[in-house]
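Dock chain to chain to rebuild the complex, using the hints, since each chain is given by itself in its own frame.
Protein chains in written order, with our numbering: chain A, 1 to 156; chain B, 1 to 222.
Keep in mind that the hints were calculated from the coordinates and are not lab data.
Just so you know, not all the hints are guaranteed correct.
Unchecked claim - On the chain B side, residues computed to face chain A include the following (Cβ under 7 Å):
id, residue
1, Cys5
2, Thr6
3, Glu8
4, Ser11
5, Trp12
6, Glu16
7, Val31
8, Leu55
9, Gly123
10, His183
11, Ala187
12, Ala220
Small disclaimer: the values here were computed from a predicted structure and weren't measured.
Idealized CB from N, CA, C, for every residue including glycine.
Listed here are the chains, written in short residue letters.
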Amino acid sequence: MEAYERWGMALVRKAERILQSRSDAQDLVHGLFVDLLEKDEMNLELPYLYRAVTNRCLTLLRDEGNRARILAAHDPDARGAARTTCHDRVVDVDLLAKLVDRLDDEEREILVCRFIDDMTQDEIAELCGLSRKTVGKRLDRIKDVVASLGGAEAPS
Amino acid sequence: MSARCTGEPLSWLALERYHAGDAPAELRARVEAHVGECEACAASLRSIVADQRQLPALPASRRSKVRRLRRALGGGVGALALAAGVALFVARQPAPTEPDRVKGGDVAFVLVGDDATQIAEAGGAFAEGRRYKVLVTCPPSMHASWDVAVYEGARPSPVFPLEPTRDLTCGNGVALDGAFRVHGRDALRVCVVWREGELVDRAALAPDGARSVCKTLVPADD
Ligand SMILES: [Zn+2]
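The following block holds chain B by itself, in its conformation from the complex (with noise of 0.2 Å):
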């Protein structure tokens, strides 16, 4: 177990402002000599300092932007166009990233591009009309059906670019069955969905619901 404090804690948003650099002159104060004496605090602040992970990208595009394509987005199924055939590009689909591999239960999911390039992290780009291959992590226990499902913004139906997958064995970054492509220029919110021992039911599926895993998308800059 961690070392407890010597006092009243420091909260967590004390240190972040601490460390950004964001304290006025009295709060400063206090943290500095809190953490001086006390482990638990110290090593709180430590925890903070030593995280040196990236956020993904947001939207590149301005309000007005935004607006313009989810307007030009909001006509039914156009912004997602069903690729045919499944093994379009099999051969060159490298292994899932580490990053994205998941502990327990967990399910996870990359896309991968025709051209090989890969989308593993919430706020990753996507390229305007590449094909892209849907590749789940799902503990091999697992047995479900999988739909893939594609929300743009505050737009209640979810665009389905692929066919259910009615039964995959799971595993380290399974492919689900088919392809689709990408034209729209908004970020786009792709959800990876899956029911236990039954079908997916695409009438019956709430944004964000249970047993679904999603990554709102940008797009990439030209």
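Bound-form chain A, shown alone (with noise of 0.2 Å):
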């Protein structure tokens, strides 16, 4: 399948970003290429692919199960230079598993799209089809959700 050839690193990276799993992350996409070419799907574009691989990563992430043996066995190295951080701390695998059941799958999305991806808000609208307007106050909320969290030295 060319697509997979032309875009299957690119998306293993995401993934890695997002789990900081390497195997995780190539099983992830494995997986979602096996699957594509059982449904004959042909809409095969990066930025679709991008969705794909952030909703089954956010998936994972979202089942108790995986959640903590992603978080117990994460490799740091796998998260990749952060360029873009909220109320600056870093958006990494720990925190991620902390938001992924306080916020609602737009938000998800975006959070993941904003913060790990490092996507400008024109850059998330239009990947998503929101308006930028509504990115921003999904965005609002997301830092608002990451505030109350409080910092990464507090106690919990």
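Structure follows, in structure tokens:
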């Protein structure tokens, strides 16, 4: 499958930044393409695939068992350089795990787009088919939730 | 710590598209202008360029073949046959390969065929009719019961080709009891499942549930 050869590693790198697990990232992307192959899915542009990987990663992290397993074994180096932060906090898999159940589907996706994929609000709006205003509102709410968690060093 | 971006960072999506030659002229110009003066984004782009890893192969089968095989595999436990005996081919087991070694509390596994070939990566190819043993890498401090479950596509119920291993002395590449043979020609999802301080309950396993590590494997080309 051409899209797999063309975009597979870009998607593995993306999944690694989210999950911080190289084996889970690779397995997730491989599983995505196996499913696409079976469904005869032809929309295989990178932006579409990016969203599909985001959603699969989030589904994995919302599962308690997988979340615990990934948190226990995650590789800090797999996060890659963090060029955006939320209230000066890097959104890594630890923080993401705390946020997944506090945000709705749209907010979760925007969280990943903004603070892990480092997209601008315009890029997010285009990718997700939302208005820039909506993206801004969702980001405000995400920032509120992150702020409500307290600082990284604060006792929980 | 790495350098800070001098402005609004270039998204990873933009950098990946640029790297793949998929960026329109406007984006290409923007990427080039930005990385020329931003060390943080230039380093991110370099990390993409430097990544020389290869992906495992997708199933060679096309859709119709996948479906046909799925039907063929659909009836009960037909895809996998239990292989009798434990020490069938222990003599030729090589050590697990480096890429599958894990850090921290992680658990990993490789399959070793009776011809001493290894399947260490997700997407690895299995040979029809070959017998495989499961070698687990787990922290020495870990005490758990172990099981192997195999899922065929969307089928909800796993096949258990091996007897559970009650107590394993964890380490690098430790063999679970028994071996199994693969007869199917469709992609398989092989999961090693463990429970610490209790026995694995086969009736209570969810696909991709907690305390498991899985690989999707594809049939080797003939
Ligand atoms: Zn920059």
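Evaluation of the provided hints:
1. Cys5: Since chain A brings a Cβ to about 5 Å from Cys5(B), closer than 7 Å, the hint holds.
2. Thr6: Hint on Thr6(B): violated, closest Cβ of chain A at ~10 Å, above 7 Å.
3. Glu8: With a closest approach of 6 Å, the Glu8(B) hint holds.
4. Ser11: holds, 4 Å
5. Trp12: holds, 5 Å
6. Glu16: holds, 4 Å
7. Val31: Status violated, d = 13 Å.
8. Leu55: Cβ of Leu55(B) sits 4 Å from chain A, so the hint holds.
9. Gly123: Gly123(B) check passes; min Cβ-Cβ to chain A is 5 Å, inside 7 Å.
10. His183: With Cβ-Cβ at 20 Å, over 7 Å, it is violated.
11. Ala187: holds, 6 Å
12. Ala220: Ala220(B) check fails; min Cβ-Cβ to chain A is 16 Å, beyond 7 Å.
The structure shown violates the earlier hints numbered 2, 7, 10 and 12.
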